[in-house]
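First to last, the protein sequences are chains A and B.
Per my numbering, numbering of the first sequence is gapless, rising by one per residue and ending at 303.
Per my numbering, numbering of the second sequence is gapless, rising by one per residue and ending at 303.
Since the hints were derived computationally from the structure, they do not count as laboratory data.
Values in this document were obtained by computation on a predicted structure and should not be read as measured data.
Some hints here could point you the wrong way.
Stated by the list, open to error - Partial list, computed: chain A residues near chain B (C-beta under 8 Å): (1) L112; (2) A118; (3) H159; (4) D240.
In this text, a Cβ means the ideal position worked out from N, Cα and C, and glycines have one as well.
Protein chains: 2
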Amino acid sequence: MSFELSLNTGTTPNLTLEQAVEAVAASGLKHIGPWRHLLEQAGGAEKASAIIADAGLTASTLCRGGFLTPADADGRRAALESNRAAIREAAMIGTAELIMVVGGLPAAAHLLAGSGDAAQKMSADKDILGARGRVAEGLAELVPYAAEHGVRLVLEPLHPMYAADRAVLSTLGEALDLAAPHPAETVGVVVDTFHVWWDPQLREMIARAGSEQRIASYQVCDFNLPLAADALKSRGMMGDGYVDFPTISRWVAEAGYTGPVEVEIFNQAINDQDASTTLETMTQRYEQLVLPSLEQALARTPA
Amino acid sequence: MSFELSLNTGTTPNLTLEQAVEAVAASGLKHIGPWRHLLEQAGGAEKASAIIADAGLTASTLCRGGFLTPADADGRRAALESNRAAIREAAMIGTAELIMVVGGLPAAAHLLAGSGDAAQKMSADKDILGARGRVAEGLAELVPYAAEHGVRLVLEPLHPMYAADRAVLSTLGEALDLAAPHPAETVGVVVDTFHVWWDPQLREMIARAGSEQRIASYQVCDFNLPLAADALKSRGMMGDGYVDFPTISRWVAEAGYTGPVEVEIFNQAINDQDASTTLETMTQRYEQLVLPSLEQALARTPA
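With the hints as constraints, model all of the structure from the sequences given.
If you want it as structure tokens, here you go:
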């Protein structure tokens, strides 16, 4: 089956892995994309794997590795260590796709803490080119380990509003350039509508990602305004915001992607509501706004 | 003189044009970038022109035209009308540079009002490709009128967080593509650090803008986190946020730009403080973080 819906557990942050798995299974879906902390809470990746498999589900992705931008040697070593653990966990729960949020500027830790005087703020490390260089280096170090474990490092371009504190990787084109030196089965990209819907090169870069066999995941959620007080929570249920889902979904299917489609929504109201309500609404909206375009494009694609 | 500092009146929104002009002149600066509503408050562009000239200042830009994305004929007609008035006003106050914020999605008016049920929200016009097409059409209609008046339409790519409600134009590369069919003396671009600092193609696109003679203005302000409750007001004094001013300024000067450098900061605390304090701080920060790189790059440039 193509285009099967998956719940990313970021959408139901109040649930344990067991609860999320139970809700997903009850709703009739077959896939779940867990976050790493849920694996830990469940007693480790092996137990998590059993919880997922026992319910008849498969893991569509694991969220998340990355954060490769520390400028100091200790920070870099810790980041690589954490990513190797994430790679092992992904393999253990049976997904090939480890989502990577690459990390922000070193200045962020300092400036967000609100510490330091004006001179210290001015001299904090804001070298985004340097940070991007460290992401490329860290990725190169992780690729052999990921390949050994049959896991793909899935680069996630984040919306540019998060470039300072979360990901110096902001566009799909940049993600593909970063992936280019590595085999497609070991470094991929995710198309997350919230992050990339505005990109004037989106159509071209989705097509390129497809032709390079790099599309590892398609994640759908809407871009809401006004932005939430916590900017991370500005994501919305499909249809409530500004994303043109039929168009982007068509491009994704035309690029040859037929895998699971994950719903990952950080939004206070949605996160707080009953998971069965969320699963019901997201399934309806998916069937209205996303799936028809995917299926039509697939039907038109020469076999 | 190269790289003369200019106050964009968006930084001092509580001042009338006369007050802003007086504060700028008292601080020793020579340029001001007024917003259109200040001209109107001052009794029209002719009077505004006299106020600026009598203080020995020149207008570096006029903010702003644009908003060319309405989908209905009446909306389009009104937008063109308003832009023609802005072109006349720019000519009247003696600046060639009319900053253009191109407008957001038609859905924004509807969704931001919070009206309508889920079905209406889902069916609102979210066609960003269509909106961009209308911007190109509107621009083509305005170019002859701007040329007659000796005014340049200066396309401003806005940060992608404003793509839904303010500008479907999000990158410098897209602005240059939009400008390409028109003469460089009639359609230009502005490099505003807040909007473009994150762009992985920034260096290349600033160089392209320079080689195409399109850089009409360089605007500096910082990108602050956390985002302000009103996302528009997340701009910061240079040095307080995440922008690497020395690097971007070097690129701008290497691209051949030597004109005024405007400071445009929407930030509640800065907007509320005494204008003389703002002018003093912005001058200091400019001389620390921006001007040295501009001058060094200019000195290295072959004559």
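Item to check | Interface restraint verdict for A118/A against chain B (beta-carbon cut-off 8 Å) | outcome: 7 Å, holds
Item to check | Hinted contact D240/A with chain B - closest CB pair below 8 Å | outcome: Holds - the Cβ of D240/A comes within 8 Å of chain B, reaching about 6 Å at its closest.
Checklist entry - Does the interface hint hold: is H159/A within less than 8 Å of chain B, judged Cβ to Cβ? => result 6 Å, holds
Checklist entry - Does the interface hint hold: is L112/A within less than 8 Å of chain B, judged Cβ to Cβ? => result 6 Å, holds
Violated hints: none; the structure is consistent with every hint.
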